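S.K.: For chain G, the structure is supplied; the task is to place chain L on it using the hints.
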Amino acid sequence: MTETIYKATEAILDGTVFICFIAISISLLLLLYRMIAGPTSPDRAVALDTIGINLMGLAALVAIYLVTPNLNDVILLIAILAFLGTVAIAKYLEKGVIIDRDMD
Amino acid sequence: MLFAVLLPLLFAILVPMLSKWKHKIHTGIFVFFIPFLIFLYFIRFVGNDFTPVRQVYNWIPSLGINFDFYLDGLSLLFVLLISGIGSLVVFYSIYYLHVSERLGSFYVYLLMFMTAMLGVVLSDNLFVLYTFWELTSISSFLLIGYWHYRERSRYGAQKSMLITVFGGLSMLGGFILLTVITGTTSIQEMITQTDLILSSDYLPLIMGLILLGAFTKSAQFPFHIWLPDAMEAPTPVSAYLHSATMVKAGIFLVARFSPIFATYEWFFIIVSIVGIATLCWASYMAVRQTDLKGILAFSTISQLGMIMAMLGFGTKAAIFAAIFHILNHATFKGSLFMVAGIIDHETGTRDIRRLGGLLTVMPITATLAVFGTFSMAGIPLPFLNGFYSKEMFFEATLHLNEVVNPIANVIIPLIPYLAVFGSIFTFVYSMYFFFGVFTGPKQFDKLKIKPHEAPIGMLVSPIILVVGVVFIGLFPNSVNGTFLIHAAEAVNNAVEIKDIHFWHGWIPPLFMSLAVVGIGALLYLTREKWSNVYHVLPGKMSMNKVYDGLVKNVDTFSTRLTNTYMTGSLKTYMSIILGTIIFVTFIVMISTNGFNMEFNNLAEVTWIELAVVVIIIIAALATMFTTSKLGAILITGVVGYGVATLFVIYRAPDLALTQLVIETVSVALFLLCFYHLPKLEKRKESTGSKLNNMIISIGFGALMTLIAISAHSTEWFDPISDYFIETAYKLGGGHNVVNVILVDMRGLDTLFEIAVLGIAALAIFSLIKLRKDKEAE
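Top line first, the protein sequences correspond to chains G and L.
Heads up, the first sequence is in the working numbering, so the first residue is 1 and it goes up one at a time.
Heads up, the second sequence is in the working numbering, so the first residue is 1001 and it goes up one at a time.
Hints may contain errors.
[To be verified] DSBU-like, lysine-lysine: derived pairs with alpha carbons at most 35 Å apart:
#	chain 1	residue 1	chain 2	residue 2
1	G	Lys95	L	Lys1772
2	G	Lys91	L	Lys1629
3	L	Lys1450	L	Lys1024
4	L	Lys1450	G	Lys91
5	L	Lys1769	L	Lys1571
6	L	Lys1020	L	Lys1450
7	L	Lys1020	G	Lys91
Hints were generated in silico from the structure; no laboratory data involved.
Since the model is a prediction, treat every value here as computed from it, not as a measurement.
The shape of chain G in the complex, shown without the other chains (with noise of 0.2 Å):
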């Protein structure tokens, strides 16, 4: 009995995952095309940021999918990335600079 229901679950997450491999796919594509066409710096750094965390998405789906805990670190370390880059990206638009120069 609890086999069935192991198996049956096994089935759902395992479903769920391809669904949300397709959605993810899909979501990076239409970043992908924001990301190429642009049209300002700006949209293109966005679009960036969200890959990164649609990136996430994809790690911990392979994660379950590829039953493993050493991608965790992985996950974590897009989410700091991401965050940075974007913040450096983000300085960049606005000054021109990422590292200001001491201002003696």
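M.R.: The following block gives chain L in isolation, referenced to the frame of chain G:
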């Protein structure tokens, strides 16, 4: 014998010290004893019962290269010429060179040359011979360029260097072939293997290369052009190198190798034709010269041609005559050069048009010149050695060995006529030299210095040489038994022993000599009338023009060639590099049948992989076409993140981590420097260039893809990764196999990657901080 050969070189080390006292004692006085000692050392070998001496000193025994000195009759003759005339030249130079000159350099070069020349004629080892041969080229180069502040000296030195080293290197090629074929480096052992060499397929090549060396060194047509330009050297050098010794090195080489090649009919054809052509052309050209040393230079060339031709004839009488003429030429030509030097020294000019009527002013010099020039002309007088060898030459041209070869059959009957033709001009320029300088109107007002007789010291050397001329002329048989027979034996084994007489009766060679004198005298008296012939031939044709053009064109051609590919544009270099890789790799892969496509052990493609790959491809394509700088780098970021996702999918978490960090840092770095970069503009490129780029990039991509597929389809052995997985924990103590490999199993790679990063960091730091311009501060 080794010490005798190296003595001048060893003494040369002391010369710079001795030259410090040159104002008290002329350096040449110390140097004089060196060749004289060598002369005394070698003169004791001379005798009717001379037998060859061999001495071997190890140098590089493992390669068969040793100081292998072999003193036979031919070497002995040359050694005595080198040391004897060397002593006289050094003695002459004491009076010729003023102490204000750089005497130290002069005698160092001269002693260097002496060692080199002794080594050339004594070496039995091919490679030692070659070493000394090149040393003669180098020291001759230094001596010709002795007055290096003169443009013509530098030109002459460079020209002689280029031509003789060209020949020397060819000769080295011939030597190597000979060594490979015979398995020995000794000339005497090669002579015993003559049959082997003559049956070799490479015989024409060997002979051609060695003859090229000999012809360039001995200034044979068409390589004679360096010798007239070498007359920029101080006169003692011209007398020594360019009449008596170095230019005879080629003659020596041909004589040395004629036991091997003599029976080869092309040896006869090439050496005879070149010799005769040189004889005729140079004697014809000598009449045209106005510089005394120019006349003597062309005269040397023509006499060398005559000797070369006789070596080419290869008959016993011809070889004997050639040896005899080597000796004779060294005596009278050496004295004539010294006479020319005296005239130059005492009148301030060597231009024959400004000289004349010196007979009464310089009677001793004039007497010396009479013997020299008349001997050179081959005038039948019983006290001139030139006549004997010339008569023998004529006789040799009439009795040539029959060679069955269509070319040989054409030239054999022509040779006596050509010999007479060349000799007529020899007569003309000899007379021109003597009468032009010593008779005719006195025109001393045109001279810078009031002419007067030379100091006695300067006259000693030419007097000794002229005494030699007369002595050999009067008693030719005294040198016959002691020198000539042994030397001729070394060249041509069974030499006929014959006495040399002045009078042979009314035989054809005598008539040829008389014809030379008759027609020559006629031509000399009427030379004003036919001198226009030089406008027709050589006219515009000149080997000098060929040489100059060659040197200039090689220069411009290589500049142009280099400019075609060294454009300074990185784009061009990149296309050349990639194009070469594509071309070479494709050819290798196709010729070795290396492309291999198998699709039977592929993994299944999942949706998610497909989606990521599609994204990467789209992003990569977009990078190429985007016009926005920031857009380009952000889209590249997408590619990097996509690759990280692939790492995730392919279960490489460590790689994914690193890739993500690196990608982000790179994007940040790009952003850092973007502010300072100039605006990216769409460059206008021609369609051809675009097409070229497209072909190269597509070709390269296709090549790499094909190689990757082939590599995947080819599995020669099992991967070793199983071992790592099995032993990572057991041996390395870690569960993370990647990290165990990085720091434990292959820690050395990691160490140096750390070093790379360190270097990069330091380099960036110094690039930013260290600037020479103050502006950056």
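S.K.: Give a verdict on every hint.
M.R.: Structure-based check of all given hints:
| no. | hint | in the structure |
| --- | --- | --- |
| 1 | Lys95/G <-> Lys1772/L | holds, 30 Å |
| 2 | Lys91/G <-> Lys1629/L | holds, 16 Å |
| 3 | Lys1450/L <-> Lys1024/L | holds, 28 Å |
| 4 | Lys1450/L <-> Lys91/G | violated, 94 Å |
| 5 | Lys1769/L <-> Lys1571/L | holds, 30 Å |
| 6 | Lys1020/L <-> Lys1450/L | holds, 32 Å |
| 7 | Lys1020/L <-> Lys91/G | violated, 78 Å |
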